[in-house]
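Novice: Sequence:
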Amino acid sequence: MSITETKTPLEKYAYYMLQAKLDVPPLLWIAGSFIAALAVGLLVFAGLFIVKISEPLLGVLAFFIVLDVMVGYPYMKGRSRIEAIEESLPDALKQIADTLKTGSTYEYALREVASSQYGPLSDEMKKVLRKLEEGENFENSLMSLSRSVDSRLVGRVITIIVDTVRAGAQLAEILDDISQDVREMNRIIAERKSKTILQVIFMVAAGVLVAPFIFGLVSVVIDFLIRTSGNTGAVTGANLVAIQGARDLIVLAIKGYIFIVAVAASVMIGAMRDGKLSKSLLYAPLLLMLAYAVFFISQTLVGSIVGAGI
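Its first residue numbered 89, the sequence shown is counted upward by one per residue in the numbering used here.
Fair warning: there could be bad hints in the mix.
Below, simulated DSSO-like cross-link-like pairs (lysine-lysine); rule was C-alpha separation at most 27 Å, straight line [as the list claims (entries may be wrong)]:
(1) 95 / 219
(2) 219 / 189
(3) 165 / 214
(4) 100 / 364
Hints are computed from structural coordinates only; laboratory data are not their basis.
Based on the provided sequences and hints, a complete structural model is requested.
Specialist: Shown next as structure tokens:
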């Protein structure tokens, strides 16, 4: 069981802030993120007002993107650290097994890993050694590692090691087998990411680049036709007002569609590429920003060509 499954949402968030090495109270970080996002949103609104661009959606979008990135940063940073630990685990287990085969003690084997270049895993091993030096037994010290790392993989490996030590079995051979299994698991994950890269490129190209560009072109063409009809007198009065209202509704629907497609693409990429829906929190703000940027750039470029403007 993951160590965060029994915690409240705020406790989970505090855990990931600890993993990200952010020495700030969770509520203070969230409040600061909201204030920063609000400030960015207001600045965007002010900038649009100064240049006389009537697109309040950009300000709202800037607010939510900044809020999402700042609030999600501890989680993304924490997950990145945990993934680094999982990637280093096979080599560390292999090193421990080789050290034990030479007749060294468990503590010496852990010290070898702690002094090696395994990044976050070496840091966690130093904490385990510190507990051993404080008088904790080997099993309890090692179990503290599984409690401090929110990883099912790490938890299962530690449980197997502790059970093996208690049973008096050959730990070195067990660690060799576990190392191979974990290495194979990491290889499968890397292979899945490489095999899904074409699908990811297709979703980004179709949903975030091509579709917004075409929609930007369509909105400008509609605006151009309406203005031409009004200038030539083909449509006047109430009919012109009704057509302009329909145009605004169409553009609003287009913007809503772009939002839905970008969010859906981020969810699918997170589930397909990483196997975790939570990764969509990382992709969503980037894809939204890219999609709307393409949409408004398309409007500007095509509008300058046909003389319609935005």
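Novice: Which constraints among the numbered hints does this structure fail? Numbers only, ascending.
Specialist: Of the numbered hints given earlier, the structure breaks none, since each of them holds.
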